[in-house]
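A.B. asks: So you can see what is in the structure, the chains are spelled out below.
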Amino acid sequence: MSYNPNIPQSTSKRAISQRQILANYQAIFNTFAENHAALGTANQGRHNVLILRSQGSDPATGATQTALYNKLVASVPNLFFRPNSSQTPIQLTYPSISTSPSATSQYSFVAGPFIVYGGRVNGVTNGQVIGPLSPGANLRYVGIATERGPSDLDIDLNYAIPTNISGTSFTVRFQGTITPATRNITYLAIGQ
Amino acid sequence: MTIPPEENTPYNANIPRPTDDLASTQPNFLNNFFQLYEAFKKNHGALDAGATNEGNHTVVEMLEQPGSFQTDVGEISVYSKIVEGQTDQLFLRFQGNGTEVQVTNYQIYGPVALAGQIIYMSFLPGKLLCLFGSFFPPNLPDGKTIQLSPYIMNNIMAFNICASDVVGHVIPTYKILQNIPGINTSIQFFQLSPVGYFYFCIGNI
Chain F
1 MSYNPNIPQS TSKRAISQRQ ILANYQAIFN TFAENHAALG TANQGRHNVL ILRSQGSDPA
61 TGATQTALYN KLVASVPNLF FRPNSSQTPI QLTYPSISTS PSATSQYSFV AGPFIVYGGR
121 VNGVTNGQVI GPLSPGANLR YVGIATERGP SDLDIDLNYA IPTNISGTSF TVRFQGTITP
181 ATRNITYLAI GQ
Chain Y
1 MTIPPEENTP YNANIPRPTD DLASTQPNFL NNFFQLYEAF KKNHGALDAG ATNEGNHTVV
61 EMLEQPGSFQ TDVGEISVYS KIVEGQTDQL FLRFQGNGTE VQVTNYQIYG PVALAGQIIY
121 MSFLPGKLLC LFGSFFPPNL PDGKTIQLSP YIMNNIMAFN ICASDVVGHV IPTYKILQNI
181 PGINTSIQFF QLSPVGYFYF CIGNI
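Here the protein sequences line up with chains F and Y, keeping their order. Position 27, counted from 1, in the first sequence is what this note's numbering calls 27; the numbers after and before it change by one each time, with no gaps. Position 19, counted from 1, in the second sequence is what this note's numbering calls 19; the numbers after and before it change by one each time, with no gaps.
Isolated chain Y, as found in the complex (with noise of 0.2 Å):
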């Protein structure tokens, strides 16, 4: 596309005036035509990317919302919005201005794991954390406790835990702890033997 001298003229939608005249006012429209297309090419097909791909997305990038936005009924709104603690994540929300969903969760701190601990972190909507993995204990004194690292559930909303091996050496029992004040941190269980386990936490944030 020609690019016109006025390239870092913004669109202007208050072009024609009723007194211009047409050499007057070309230039002002080719700007408005030059900044149409170059703002809409952001995240989607360009005006003359042919009929297969002109005016679908991209790419679809969310700039920071400071608020929550309206729904009709039939709608569903995506937007983002900054979370206390964490970064700008996705929101939802249901259509007439229903309920709002907090739909990613990301932090800046990742899991750290004690010795013999695998743990995999992931999310589900609604600002729940998900911790699960596998620990196969070393021989120390805290062989019985998993760390739910990053500490940042402040209530568990489900925990699950099996054995590895062929006899099941783990009782499906718990005790959890909260060695910060309304953090639960680690969970305690117990085994008849140091077997390795795998275990699925669920928690708020």
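The shape of chain F in the complex, shown without the other chains (with noise of 0.2 Å):
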């Protein structure tokens, strides 16, 4: 039986009433325990899990107060927080993320949203086009740095560099003419 508000009722008989009261603490109790340890325990009130429900729209926020909530973006839900006094809410997170350690190409996310993008790439060419990195988003930083040859001396200038960086992709231009012609690479990318 869910929780009954209006109960119990000045003419109500008591026999009706008791069922009634009953069924309201029970209501609360079974309710309260989601997302809480449950009443009559030593944290009851503290959370075990937020558990959060998209909402329709941006919740309004006091001067005092911040929000922490839900919101579907392309009908999929995201965390957003909002400053005080409903200033512009911030998407948290993005949908999805990829940080195993063994693949050469990872991403993660930071606030805005945007994806931070990162990898290794090894024997890149001359002019090698890298991407397009996945998932698609329009980049708006890349760095390279170049891993050292086995051979390589201190003085040598065999470093690449991020040229045509466009949507998805960029290429890798090597400064001067290096031997052997391939280098191993890392990158850092943010896309948005």
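Please keep in mind that the hints were generated in silico from the structure rather than gathered at the bench. From the three backbone atoms N, C-alpha and C, an ideal C-beta is built for every residue, glycine too. Please note that the accuracy of each hint is not assured.
[Stated by the list, open to error] Result set (DSBU-like, lysine-lysine): computed pairs, CA atoms no more than 35 Å apart in a straight line:
1. K42(Y) x K81(Y)
2. K42(Y) x K71(F)
3. K144(Y) x K71(F)
4. K144(Y) x K175(Y)
5. K41(Y) x K13(F)
6. K41(Y) x K81(Y)
7. K175(Y) x K71(F)
[Unchecked claim] Examples of chain Y residues lying across from chain F (beta carbon under 10 Å, computed):
8. E38
9. D72
10. Q95
11. N97
12. I118
13. Y120
14. I171
[Unchecked claim] Chain Y regions said to be covered by chain F (calculated; three or more residues, Cβ under 8 Å):
15. 16-29
16. 56-70
17. 148-157
Please assemble the complex out of the two chains, which come individually in their own frames, going by the hints.
C.D. replies: Here you go:
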């Protein structure tokens, strides 16, 4: 039986009220136990989890309030933070992530949301296109560092830079002519 | 709120019984309302906090959970779980029992820098450690090596470097050193003269 906020009625018989009140107490207990340590336990009231249902719109926040909530972006739930005084909401999550250490290409996210890509690519040739990076997002920054070859000397200037940063891809260009003609690189890219 | 004499009596979801009269049940009612009030005001605006605050969260204290939480379609769950080698950390799980993501990372040991090196430490969701900062190397034999401390990165996801001087005497090339098996402890780089530079490194832990 669900919670009934309108009992007992002044005209209710005690036998009826007893069942209604009992049902309300049980409904309160069961509802409260969702997301929280249950009533009657040492931690009653504290949270086991925050399960956030999607909101149709951004909640208003007062001058001393902030809000953490779930809102759909292209039908996918994401976590949002809204600063005080109903300032601009900030999307905290991107709906996927790939950070396996064994993967040659990985990505995570930062608030915005922005996707942070990184990876190590072996045997890159001059002019090689890296991408499209997945998931697809317009690249806003790319940086490259070049792994030294086993016979490279300190004075060698065999390094690569990212060029033609466009959409979800970029091109690796070597400085000068290098021998051997390939290098391993690591890249850091940010997309939006 | 008046504290009833049964303040240490836990909430009882099984009252009133059919045979209870009002006189015997009234203290139970009072106790249940009191316990409910006390429990609800933990982490939330109290039941009598006024229309603006009652029911809103004041803080979210997360109790350590033994496992992951289920999520239905349209839901996101946030919870805390113990992580080996760390402490309780914040996790989120995408909708429909999707991917579980470790959001925070905390290491008991902070970074230890070489002389001239400044290390800032942060993290990205997915057990990624970010080390970044600057290095103005002294004239020492190891002046071309930056430490990736604390030594917990088992894979370099990305590394970038740039020079701080006008001419750019840092060559953006590197060599990863593993002085501890399976752990990337430092990165050696190459420069034309001992100038300062800035670096950024992301790694899996």
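A.B. asks: Each hint should be assessed against the structure and marked as holding or not.
C.D. replies: To see whether the hints hold, each was checked on the structure:
1. K42(Y) x K81(Y): holds, 21 Å
2. K42(Y) x K71(F): holds, 26 Å
3. K144(Y) x K71(F): The given pair, whose Cα atoms are some 48 Å apart, is violated under the 35 Å limit.
4. K144(Y) x K175(Y): With a Cα-Cα distance of about 11 Å, the restraint between K144(Y) and K175(Y) holds, given a limit of 35 Å.
5. K41(Y) x K13(F): holds, 33 Å
6. K41(Y) x K81(Y): Holds, at about 24 Å.
7. K175(Y) x K71(F): violated, 44 Å
8. E38: With a closest approach of 7 Å, the E38(Y) hint holds.
9. D72: holds, 8 Å
10. Q95: Status holds, d = 5 Å.
11. N97: violated, 12 Å
12. I118: Because about 19 Å separates I118(Y) from the closest Cβ in chain F, which is outside the 10 Å limit, the hint is violated.
13. Y120: With a minimum Cβ separation of about 15 Å from chain F (threshold 10 Å), the hint on Y120(Y) is violated.
14. I171: At 6 Å from the nearest chain F Cβ, I171(Y) passes the 10 Å test, so the hint holds.
15. 16-29: holds (count 6)
16. 56-70: holds (count 7)
17. 148-157: holds (count 4)
Comparing the model with each earlier hint shows violations of hints 3, 7, 11, 12, 13; every other hint is respected.
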